[in-house]
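J.: Residue-level listing of the chains:
There are 2 protein chains.
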Amino acid sequence: MKTLTIGLFGFGVVGEGIYRVLLERPELGTRIKRICIRNPEKNRNAPKELFTTLAGDILDDPEIDLVVELIDDADAALRICRKAMQSGKVVVSANKKMIAENLTELVALQTKHNVSFLYEAAVCGSVPIIRNLEEYFDNDWLHSISGIVNGSTNYILTQMSLNGHAYDEVLTKAQELGFAESDPSLDVEGIDATYKLCLILFHAFGVIVDPHSILRKGITSLHPFDMQYAHEKGKRIKLIARTNRVNGTQYSAAVLPGFVGHSSKLFDVNNEYNGLLIGSSLADEQFLSGKGAGRYPTASAVLSDISALRYGYKYEYRKHSIGVDLSSHDKTTVELYLSYPARKKIDDSVFSQIHESYRGTDRGYLTGSITIGHIRESDWLKDNTVSVITLN
Amino acid sequence: MKTLTIGLFGFGVVGEGIYRVLLERPELGTRIKRICIRNPEKNRNAPKELFTTLAGDILDDPEIDLVVELIDDADAALRICRKAMQSGKVVVSANKKMIAENLTELVALQTKHNVSFLYEAAVCGSVPIIRNLEEYFDNDWLHSISGIVNGSTNYILTQMSLNGHAYDEVLTKAQELGFAESDPSLDVEGIDATYKLCLILFHAFGVIVDPHSILRKGITSLHPFDMQYAHEKGKRIKLIARTNRVNGTQYSAAVLPGFVGHSSKLFDVNNEYNGLLIGSSLADEQFLSGKGAGRYPTASAVLSDISALRYGYKYEYRKHSIGVDLSSHDKTTVELYLSYPARKKIDDSVFSQIHESYRGTDRGYLTGSITIGHIRESDWLKDNTVSVITLN
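If you read the protein sequences in the order shown, they are chains Z and R. Going by my numbering, the first residue of the first sequence is number 1, and it counts up by one from there. Going by my numbering, the first residue of the second sequence is number 393, and it counts up by one from there.
Think of the hints as simulated: they come from the structure by calculation, not from any bench. Built from N, CA and C at the ideal position, the CB exists for glycine as well. Don't take every hint at face value.
[Said to hold, decoys possible] Each computed DSS-like pair below joins lysine-lysine, with the alpha-carbon atoms no more than 25 angstroms apart: (1) R/Lys736 x R/Lys774; (2) Z/Lys112 x Z/Lys83; (3) R/Lys774 x R/Lys723; (4) R/Lys394 x Z/Lys314; (5) Z/Lys2 x Z/Lys33; (6) Z/Lys112 x Z/Lys314; (7) Z/Lys2 x Z/Lys314; (8) R/Lys706 x R/Lys394; (9) Z/Lys33 x Z/Lys314; (10) R/Lys774 x R/Lys737; (11) R/Lys627 x Z/Lys2; (12) Z/Lys112 x Z/Lys48; (13) R/Lys627 x Z/Lys235; (14) Z/Lys83 x Z/Lys33; (15) R/Lys394 x Z/Lys112; (16) R/Lys706 x Z/Lys2; (17) Z/Lys314 x R/Lys706; (18) Z/Lys33 x Z/Lys48.
[As the list claims (entries may be wrong)] Every beta carbon over 10 angstroms from chain R, so not counted as near; a handful from chain Z, in silico: (19) Ile32; (20) Asp60; (21) Ser87; (22) Thr111; (23) Gln175; (24) Pro184; (25) Asp325; (26) Gly364.
Turn these sequences into a full structure, and let the hints guide you.
T.: What follows is the structure, given as structure tokens:
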């Protein structure tokens, strides 16, 4: 078993969490030697001599063998991870944006320099999604993965639904509690969820997908009318990241709000909790859930990676050869609910079938079958007055 | 990556499942060379030349490097596993009784002969409990683990509760569906659950516990009166295997029926599904669930072990040094419900506090606080007219 000397980048909510936890666990034989921060003026709960503003103090220190990168800035994070691996250091990161946008390069760096790069905390905080996809479900054909992968939006949706609070009010509270990132748009627009979905797609099927190509709509356009509709039908609205087998090795992938019924395990995944359903040919439906955001849950995942590195663990990316592709994705038909201001004209000719159509004085809705391609080509994704919610 | 040549013991529900799955997946580079069975007369869905009744045809074959043991007989299973490891073969087993009763010897054999011995299928079928306790939660202090680990009893309890069916009727159906073992008493008396709890205790805390020392009562004494009580309180009765931190490194452990409320994730774990709640200091409450019994779910766990062996995986038993003990276990106080025939006299002086006491014409109940030691010393565990159900 290795003893590891750590250089830590970032001392925010999670960074300080990891620092505290490692202090309390000398038995891990792991110590933080330096912590690189941006602002040296801030008052911090740790000895002054640990801190530096120079990345080189960590990256050029041959005694440091593990770099833990926990900063917000994705470009700086990439430079740090790249340099660390080039110097033969193993790396733990929680930066889903940086990882999802640079998977090809990051995998190549690991191979070239024969180092580990782990990022369990990047998907669903404390819930061991990557590790289970990588290790346990590596031999089973998965036909669907769907879940709640963003704690901030789930907290907001839960509060809106349970307490009738307004979106803005709930967002502010989520930020105060540390459940929302410094830039909330990544969460509420569903962008963060697409990053996580890309990491899931990679570890489940070995396919690298550009996160910006994934069909996506966040929660900012959701209207009290939609909450009322959900309530009347005994459902809840959740932001769902999902991938489904269409046929053979063809899969679809999307991040959209969805109505979830009582019979789904996702119905009771509330507040900052995350939950993922994994459908496989043999094991049927597996469900994993736990806290997806917050200091200690995220620190728990980082710590688990650090602990695994003591045993020389690395991702093997075993699914790389399956040959899954998402090219026929846009032809997949989904059941959709659309709500819009009553005065607005909706071109419903793109639906292959309309199930219901309703127009009140203020707002109307329709439900029907439509291909993902037609949703993508519509202006509903960009239009903040239109709610797009999946029904199945 | 290794290609593995397999010798399979047992061709029952799971054995045949594994045989079929491996046939369909030539890409795993794994083939079954021989299958050892007890009865050569039975008609089987596989080429005749694969079968043998001689264990030596597998154990003495140097070409076979992996023994997959899927037989019912625990004594024979132990002899097979022992001999296989002594011959330097890696082993996969699903026999919880054999493993739980012989952990000390089985761990010593692995060390002595430097071989892997994996048994994910022994706990919660397809749900990756052992692997996650072993790999992912290896660094986090767990303060409680509780769950539904026996699919047969959960199927019976669900059917009794949802459809009002009688115990005997439901048991027969469970056996027909392959959800109950050949000897149902192991399931319905809670014995199977104590084996699984022992494996959980070992991988969570590194402590080896005699399964027969665990406080246990199964589901055979549950009375329609109890089902009615649960229904009126909005609860369900589940057979719960649990361990809780009492203080420091002192833990309690028991297998007892328990009332489960709507707010618990276990409430909606129904039929043959299993579910486990893992409470930890950092990650808070994690929940894993999936199918706990049946041909393919169990085969899925066995296959996952086989796949891991191709990469040389072995359990590291990392928690072995924590020093958890269950010696003060009996002093732990629990909240208990007891129901009994109205004419029966119950010595309630062993309760430290009585909350409720009720006596009708046919049956009475009382609820109160009591130590595990007092439950153990009572005759309620053996008395089939008394229901013992935990309230918390």
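J.: Okay, which hints does this one fail, numbers in order?
T.: 11, 12
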